[in-house]
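Chains as they are written, first to last, in this note's numbering: chain A, 1 to 118; chain U, 119 to 631.
Worth flagging that the hints you see were computed from the coordinates, not collected in a lab.
One or more hints might be untrue.
One side of the interface only, derived from the structure: several residues of chain A facing chain U at Cβ under 10 Å [what the hints assert, rightly or not]:
| no. | residue |
| --- | --- |
| 1 | Ile11 |
| 2 | Val87 |
| 3 | Val103 |
Using N, Cα and C, we set each Cβ at its ideal position, and we do this for glycine too.
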Amino acid sequence: MELLVSSAIGILTTAGLYLVLRLRTFPVIMGMSLLTYAVNVFLFASGRLTIGAPPILVKGVETYTDPLPQALVLTAIVISFGMTAVVVMIALGSYLGSDDDHVDDPAEDLTKAPEDIV
Amino acid sequence: MTHWIILPVVLPAILAPFIVLAARYHIGIQRVFSIVGVGALIAIAAGLAWQASDGTVTVYRLSDWAAPFGIVLVGDRLSTMMVLLTAVLALLVLLYAIGSGWDDRGRHFHALFQFQLMGIMGAFLTGDLFNLFVFFEVLLIASYGLMIHAGGNARLRAGVQYVLFNLLGSTLFLFALGSIYAETGTLNMADLAQRVALIDPAASVGIRVASVLLLLVFAIKAAVVPLHFWLPSSYAEAPAPVAALFAIMTKVGAYAIIRVYTLIFPPDLEVTVGLHGMWLLPAALISLAIGMVGVLAARKLDRLVAFAVIGSMGMVMVAISIFTPTSVAAALYYIIHSTFAAAALFLIVDLVRSGRDNLELKAVAPISGAALTAALYFTAAIAMTGLPPLSGFVGKLLILDASFSSPLVVWTWAIILSASLISIVGFARAGSTVFWKAESIAHPVEATLPMRPAALSYVAVGGLLGLLIAHTIFAGPVHAYMNAMSEQLFAPEPYISTVLDTPGKLSTPKEAH
């Protein structure tokens, strides 16, 4: 199970980073979502992986799962959800305004010859 | 247990929805509530700073849960000083936003401003790493809204870059928190300080990775090269009062580095030894150099100031990464100076913009109110480049003096001094083009003269510069206080024992152990 979870986190992170580096808003936002999924699973695993164990005290139970990472993941999910919604709206506004969905600055701005500065 | 310490978080948190819900269409009422709220914040912050000034550490347990189980807010000298700094800066920025009418150019400026303050105050006061993440997100999500306030294509594009960069930073922060929790089983800073010290140096791979990840996250916030790429375009494109408020945001990163790397991973801790000297100090020196070279290379006045911010953050980080009590005291002195100087410069850039079509460093016909604006620019540039007589010079001297204990002392002196020279040339060139060369160009005949900026705008900028002058005049007492603050940071036992030993709910089973 450890191998499965850790390789899942690894693949999600790799795919997320690849998509983020595409520098167009849609792939970048998809990549960001994959990265947040990866980090959520990672946070979940930070309390050690246990199967079928209760998170709160019950009489007659010996093994427990750590409840804190679950609370952390819940917070992280809510925050990343909100952040993704915000970035989608801003990116949409930027795309509709300039008819261009590149995340990086347009190249002509950088190559423009410096005009007589002094 | 007094409840004062949570007010800097709760007050803006209540005020912001009130402004959205009750005063949505009345900019006048919004302004009144915003100003009154920030004024109350200053009073509360001053009270907290006074309470902490004799070295007491105040702990506030939310819902009275005892420390490692519940979230705590902690007020010591450093956090209360940063809270006071934020509140004072917020008042002057708010005055400028009202005077220049920026707050009326889009909606919800004041509500977002209050949420932003809530996040910053919480980040300074919290004693829990995950809570620090949450407050980072609060201040970031408010800053996304403020950053694109008043809209415009260039601003939206810069906003997308800013949001995405910070989302990546947040993801990295979560990875760091996950590894810290997996290694230690706690996220309370005081508890972490005790548990990290117990880790066997032979089995410290996990915690070392976690400490470096955490340093990367804070370095993104503090815009240390090579993680500074988000700063120039977002600060340059943001509305001027927002950029001025953002002057405190880079300091949140510096604050977090000081807090975490004196409390949890102190410089003499075996598992993370050498992290600052080997990695952070060279990176900080490069930031200083790149920032000041950027000042000289900038083609627009707003970019110039943004690069000056990177340079001055580099200066702060140089002082922090030497990591002795003297150097951290120098860094704290410089943090106050750099916040006010950067904020003043961003506001002055806006005063210039109000009279010109663009901010390219080319001579155009003189702007109205040019003499006064030029005088303000001159003073702020002296402060930012660290020329005598203003506080930048004092701060730089303190940092140079503290660097003798570092093995890289020659590099530090060489880079700080040459970077200062370059920045002086950059600011002088920009100022002479914008203000002096403009005198030789006549106004086009048919053009109407642009309006003079409002008096309140000048009051705000003058207030920031006045604070800089006060920071210079009272450099002696301020530096003595910074030394006391730094001593408190390097002797964290009272902090740890206050947080962990104050009884609350759930603390009895611990004693039964």
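Next item on the list: Verify the interface restraint on isoleucine 11(A): the C-beta must sit less than 10 Å from at least one C-beta of chain U.
Entry: violated (15 Å)
Item checked: Interface hint compliance - valine 87(A) to chain U, C-beta minimum distance less than 10 Å -> holds (5 Å)
Notebook entry, point to check: Given valine 103(A) as an interface hint, is the shortest Cβ-Cβ distance to chain U below 10 Å?
Noted result: holds (6 Å)
Violated hint: 1 only; the structure is consistent with all others.
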